[in-house]
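A.B. asks: We have chain A; now place chains B and C with the ligands onto it with these hints.
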Amino acid sequence: MVDDVFDEVGLKVENLHASYGAVEVLRGLDFEVPAKNVSVILGANGAGKTTTLRAICNMCNTSGTVTLGDRDISRTGTAEIVRQGMVHVPQGRGTFPELSTMDNLMVGAYTRKDNEIKDDVDRWFEIFPVLGERSSQMAGSLSGGEQQMLAVARALMARPRLLLLDEPSLGLAPLIIEDLFDRFITLNKETGLTMLIVEQNANLALDMADYAYVIESGEIALHGTSDQLKNDPAVQEAYLGA
Amino acid sequence: MSAPLVVVAKNSAEHKRWQYVQWAYVAGFVLLTPLVLQPFEIGKMNRALIMGVAILAVNLVVGFNGMLALGHSAFMGIGAFVTASLVQDENWDYWMIVPVVLIVGFLIGVVVGLPALRVKGLYLALVTIAQAAVFPSLVNIDELGIAARTGGPNGKGVSEEVIAPSYWEWLPGVDGARGGSAYRYWVIVLMVAITILLVTNYLRSRAGRAVLAIRDNEAGAAVYGVNLPIVKTMNFAISASIGSLAGLMWCMDKGFVAGQDFTFLLAVDLIIGLVLGGVGAIQGGLVGGLFVVWVNDLTKRISIPLGLYTLNGDGPLAKAIFGLILILFTFFAPGGIVSLGRIIVNKLIKVVPLTPAGQPIEPLSNFDPGMESTRADVAMKMSIAGPVLLAVGWLLMNVNNLLVGVLAFGLRMGILVLAPVAMLVGSNELAAHADGNRPDSAKGPATMARTLGALGFLFVIGYAVQRFVLTY
Amino acid sequence: MTWNFDILPDFIFNGLSLGAIYGTVALALVLIFKATTLINFATGELAMLGAFLVYVLHMEQGLWLWLSMLIAMALSAGLGILIERSLTRPFDPSDHLPVVLITLGLFLILNAVAGDIWNYQVRILSNPFGKFPSWVPSVGGDRFIEVFGSRLKYQSIGIWVTLALALFILGLILNKTKAGLAFRAVSSNVESARLVGVHTGRTLGFGWAIASAFGTLGAVLVAPQLGGVNPNMMATILIYALAGAALGGLDSLGGAVLGGILVGLIQAVLVTWGGVVVFGQLYMSILQLAAAFVIILITLLFRPSGLFGTRRVERV
Ligand SMILES: Nc1ncnc2c1ncn2[C@@H]1O[C@H](COP(=O)(O)OP(=O)(O)OP(=O)(O)O)[C@@H](O)[C@H]1O
Ligand SMILES: [Mg+2]
Numbered sequence: 000m001v002d003d004v005f006d007e008v009g010l011k012v013e014n015l016h017a018s019y020g021a022v023e024v025l026r027g028l029d030f031e032v033p034a035k036n037v038s039v040i041l042g043a044n045g046a047g048k049t050t051t052l053r054a055i056c057n058m059c060n061t062s063g064t065v066t067l068g069d070r071d072i073s074r075t076g077t078a079e080i081v082r083q084g085m086v087h088v089p090q091g092r093g094t095f096p097e098l099s100t101m102d103n104l105m106v107g108a109y110t111r112k113d114n115e116i117k118d119d120v121d122r123w124f125e126i127f128p129v130l131g132e133r134s135s136q137m138a139g140s141l142s143g144g145e146q147q148m149l150a151v152a153r154a155l156m157a158r159p160r161l162l163l164l165d166e167p168s169l170g171l172a173p174l175i176i177e178d179l180f181d182r183f184i185t186l187n188k189e190t191g192l193t194m195l196i197v198e199q200n201a202n203l204a205l206d207m208a209d210y211a212y213v214i215e216s217g218e219i220a221l222h223g224t225s226d227q228l229k230n231d232p233a234v235q236e237a238y239l240g241a
Numbered sequence: 000m001s002a003p004l005v006v007v008a009k010n011s012a013e014h015k016r017w018q019y020v021q022w023a024y025v026a027g028f029v030l031l032t033p034l035v036l037q038p039f040e041i042g043k044m045n046r047a048l049i050m051g052v053a054i055l056a057v058n059l060v061v062g063f064n065g066m067l068a069l070g071h072s073a074f075m076g077i078g079a080f081v082t083a084s085l086v087q088d089e090n091w092d093y094w095m096i097v098p099v100v101l102i103v104g105f106l107i108g109v110v111v112g113l114p115a116l117r118v119k120g121l122y123l124a125l126v127t128i129a130q131a132a133v134f135p136s137l138v139n140i141d142e143l144g145i146a147a148r149t150g151g152p153n154g155k156g157v158s159e160e161v162i163a164p165s166y167w168e169w170l171p172g173v174d175g176a177r178g179g180s181a182y183r184y185w186v187i188v189l190m191v192a193i194t195i196l197l198v199t200n201y202l203r204s205r206a207g208r209a210v211l212a213i214r215d216n217e218a219g220a221a222v223y224g225v226n227l228p229i230v231k232t233m234n235f236a237i238s239a240s241i242g243s244l245a246g247l248m249w250c251m252d253k254g255f256v257a258g259q260d261f262t263f264l265l266a267v268d269l270i271i272g273l274v275l276g277g278v279g280a281i282q283g284g285l286v287g288g289l290f291v292v293w294v295n296d297l298t299k300r301i302s303i304p305l306g307l308y309t310l311n312g313d314g315p316l317a318k319a320i321f322g323l324i325l326i327l328f329t330f331f332a333p334g335g336i337v338s339l340g341r342i343i344v345n346k347l348i349k350v351v352p353l354t355p356a357g358q359p360i361e362p363l364s365n366f367d368p369g370m371e372s373t374r375a376d377v378a379m380k381m382s383i384a385g386p387v388l389l390a391v392g393w394l395l396m397n398v399n400n401l402l403v404g405v406l407a408f409g410l411r412m413g414i415l416v417l418a419p420v421a422m423l424v425g426s427n428e429l430a431a432h433a434d435g436n437r438p439d440s441a442k443g444p445a446t447m448a449r450t451l452g453a454l455g456f457l458f459v460i461g462y463a464v465q466r467f468v469l470t471y
Numbered sequence: 000m001t002w003n004f005d006i007l008p009d010f011i012f013n014g015l016s017l018g019a020i021y022g023t024v025a026l027a028l029v030l031i032f033k034a035t036t037l038i039n040f041a042t043g044e045l046a047m048l049g050a051f052l053v054y055v056l057h058m059e060q061g062l063w064l065w066l067s068m069l070i071a072m073a074l075s076a077g078l079g080i081l082i083e084r085s086l087t088r089p090f091d092p093s094d095h096l097p098v099v100l101i102t103l104g105l106f107l108i109l110n111a112v113a114g115d116i117w118n119y120q121v122r123i124l125s126n127p128f129g130k131f132p133s134w135v136p137s138v139g140g141d142r143f144i145e146v147f148g149s150r151l152k153y154q155s156i157g158i159w160v161t162l163a164l165a166l167f168i169l170g171l172i173l174n175k176t177k178a179g180l181a182f183r184a185v186s187s188n189v190e191s192a193r194l195v196g197v198h199t200g201r202t203l204g205f206g207w208a209i210a211s212a213f214g215t216l217g218a219v220l221v222a223p224q225l226g227g228v229n230p231n232m233m234a235t236i237l238i239y240a241l242a243g244a245a246l247g248g249l250d251s252l253g254g255a256v257l258g259g260i261l262v263g264l265i266q267a268v269l270v271t272w273g274g275v276v277v278f279g280q281l282y283m284s285i286l287q288l289a290a291a292f293v294i295i296l297i298t299l300l301f302r303p304s305g306l307f308g309t310r311r312v313e314r315v
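Protein chains in written order, with numbering that gives the first Met the number 0: chain A, 0 to 241; chain B, 0 to 471; chain C, 0 to 315.
Misleading hints may appear alongside valid ones.
Stated by the list, open to error - Calculated lysine to aspartate or glutamate pairs in the DMTMM-like style (CA-CA distance at most 25 Å, straight line): (1) A/LYS35 <-> A/ASP181; (2) C/LYS177 <-> A/GLU115; (3) C/LYS177 <-> A/ASP181.
Stated by the list, open to error - Estimated spans, in silico, between C-beta atoms of each pair: (4) C/VAL293 <-> A/GLU132: 31 to 39 Å; (5) C/THR176 <-> B/PRO228: 36 to 44 Å; (6) B/ASP215 <-> A/HIS16: 19 to 27 Å; (7) A/GLY20 <-> B/VAL391: 45 to 53 Å; (8) C/PRO8 <-> B/GLU160: 51 to 59 Å.
Stated by the list, open to error - Covered stretches of chain B, going by a simulated chain C footprint (3 or more residues, C-beta under 8 Å): (9) 122 to 136; (10) 269 to 278; (11) 329 to 340.
To be clear, the hints were calculated from the coordinates, so they are not data collected in a lab. Note that beta-carbon positions come from the ideal geometry of N, C-alpha and C, so glycine has one too.
Here chain A stands alone, though its shape is the one from the complex (with noise of 0.2 Å):
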């Protein structure tokens, strides 16, 4: 559906089907993630987001295509597809309760084998204070927006070639938003850290993103730069509360 307009692909999906059982969720869906750039899905509460970033990571029954750079990952487990640089933050934290908070982040290293491990656990430290003011407490005994934070953290503690991050604003106040997104664009211009986004905060997500995605009922309905859709009058009314 997408042609190869882009330089280099981060990641391509090809007819992407997923079901629960019986139940068909995706109907097979073309979409690209540019490398080096930003991409988000937007799409009604039951649309199949978060179902497509599980299928992406081969979390549930699909069938289909996944390519990241060059390499086809359709069939590859979970845990491989983080060692080849694929992030996922799922929606709803999944942190892990009974760790600490340092522990969360020292576990998101995990693949990692180099010896800056420590340094980068005190530069997120540094980004987000609260969590080095708490990184003996257990993790399930943070608020919900900190645990939000420490989820974010400990994906990049992985350092990953590409995001994936499920509705990253969940239960955050409005001006931890803005500043968290704010990092997410430095990281991305800095680094060039490739992301794919599922964001309900429609304006947001488009002011952030460089391209999107619009799911309706499995499917992609609409795609484009964010400022095509943007100026979309469907996407005007339906996310943008026009």
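C.D. replies: The following block gives chains B and C with the ligands in isolation, referenced to the frame of chain A:
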């Protein structure tokens, strides 16, 4: 032979005919058992039926409610000891004890089940394992008069054997040498039938549907207002009371009960029977019971020399064989023998369900293979295979080797299925030929299948009747 | 009815050392439960097999006892990994029935194979803590020291020290190594563990390995109290361990140890007061086993998550 040989609409005349054949087999089996088997073999059959009831009880929890009950040996033990004590010490009749045993089993089921079923997870397995492990030692407690009633470590015998009153002596097998065990066989068959009937009805009732709903989707059932702890506990308690009933039957049949009969190993036997028979299938219990008792009997007699080492089924390794069977079934046939049987039956015959209006949901003609049909050929082969296998089985019967003997038995049983199927498919195909749906070349094989199949079937029936008349 | 307080310390010491063994086996159960919410009913038989390995290596081959124990623990760990990989990994862990059936099948097979090889007689296995070294001021043939006017067995002290050491090492493994971190992550949230790149299968194998090694340790320590090793040696121990694990909280490692010790103490008190004095010596063991059952029921009734269970146990 991927397409089924016979396609019938549900409740059509032909479907009924198949069902009659099935029931005839069941009836023949039930009638002939006490007539042709030796008394000690009837005893084993009784044991198998009793295990069947207990496995049905376990199935009610494991198969139909999705909870893990691993300690029904204790319920059987409770039923058996209550029975022994009431018969021996209080001179009660067995039928008077039935309600007592049911109630006692139910109450204990509530006491054990409620704490464990209030919480999610494996807790029932935990509690019931402990219960099975503890039970044999409980009967030895000296205080509260327990040991006096249970006989303590010596066990308790019931001095009077259960034999047929004179007005029941006309029952098949109930005279002469087999009298006692054959009479108990009939009593047990009656109780098994009633139990199965009641359980089937229970599962169709409101409560039963709630039980099934919990198994299929616990969270969903809760949303629809099913009170999970109560429904689960009631179901477990009902299962416990059926388990106790099996204990009563045990006591009645054996006339002797001891704590050592109701150990954890019996509980494991029940689980093995459940898996072998079929988790979640009513018939699974009986099939499993038969297999546990007879396979146990077989493995005891196995002795395979392997060079320096002889594999003896008589020793501890019998249990290892059971363990292996359990693991193999879990891996390769999680639905047990019942589902394997269903797979075979589905290959032979497909029953098309009806729409509410009474029409088949898919026209039967859709299943007709048309002119290229090879059904007649297959049926002809089956009609020939039946007698051939029978003959081979007969010859092999004289080889004095256990495994060959079992094989021979299996071969001889083949005709039970092959003959009627060949007959019915043959006549179906002839009818199709008459309608112009089959080439003329199919007529010969079809006629042959029908004739030979009918002869085989007649032979089976004749043989059964002859055995019946001869021994009765 | 007379209360016999004089022998109480003896029984408490005894209870504490038996309890430590229950705790060890409970730990083996909890290690697997924590990661998979499964109860491995073959835990006891795996441990028994480990004890027989020690028997073969030490009594038959004449290897040094402690070396035999280490080898046996390593071998059981390997067996644990093998079992996890070949028998349990193919099944969906959220469906409990198949895996429970597998562990029951293993229980039968291991017990029967051991019975076939070594038959069911009790075989003496040397006590790792038979006699005090000569420099300890001890009494009773070097087996006791006097504490509070009662005898504290060398064996009890040995068991405590061994268990403490083993726990310390376990703590190090879990808290200081990468594999330990991965194990804790998998126990906490399997899906997220996969999302950070942890191979959950291998990590569960690691859990099985440690659990099997701990089981073997428990079996070797308990053997002298049972007069030696035999294929059925772990049957009742497993029930006490289950009670200990339930009491402590099925998902709490520390709880398992403390729960096991508490069960041992309860048992000891039953022997002193309930068993010996009230019900008579002969039946004490019966009451004790029943006590394990009652402990499980009462725990579930009043505190389903156990005394130290961390995870919220879900009401249905
Ligand atoms: N585990 C599951 N089992 C069965 N159905 C599921 C499961 N997870 C999701 N679904 C169904 O799949 C559909 C898509 O779900 P998905 O979570 O992908 O939606 P979403 O677009 O992420 O919605 P939201 O914006 O609310 O997060 C929904 O109809 C949902 O009910
Ligand atoms: Mg979602």
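A.B. asks: All hints are to be evaluated individually against the structure, with a verdict given for each.
C.D. replies: Checked hints:
no.: 1; hint: A/LYS35 <-> A/ASP181; in the structure: holds (16 Å)
no.: 2; hint: C/LYS177 <-> A/GLU115; in the structure: holds (16 Å)
no.: 3; hint: C/LYS177 <-> A/ASP181; in the structure: violated (33 Å)
no.: 4; hint: C/VAL293 <-> A/GLU132: 31 to 39 Å; in the structure: violated (46 Å)
no.: 5; hint: C/THR176 <-> B/PRO228: 36 to 44 Å; in the structure: holds (41 Å)
no.: 6; hint: B/ASP215 <-> A/HIS16: 19 to 27 Å; in the structure: holds (25 Å)
no.: 7; hint: A/GLY20 <-> B/VAL391: 45 to 53 Å; in the structure: holds (47 Å)
no.: 8; hint: C/PRO8 <-> B/GLU160: 51 to 59 Å; in the structure: holds (56 Å)
no.: 9; hint: 122 to 136; in the structure: holds (count 10)
no.: 10; hint: 269 to 278; in the structure: holds (count 3)
no.: 11; hint: 329 to 340; in the structure: holds (count 3)
The structure does not agree with the numbered hints 3, 4 stated previously, though it agrees with the rest.
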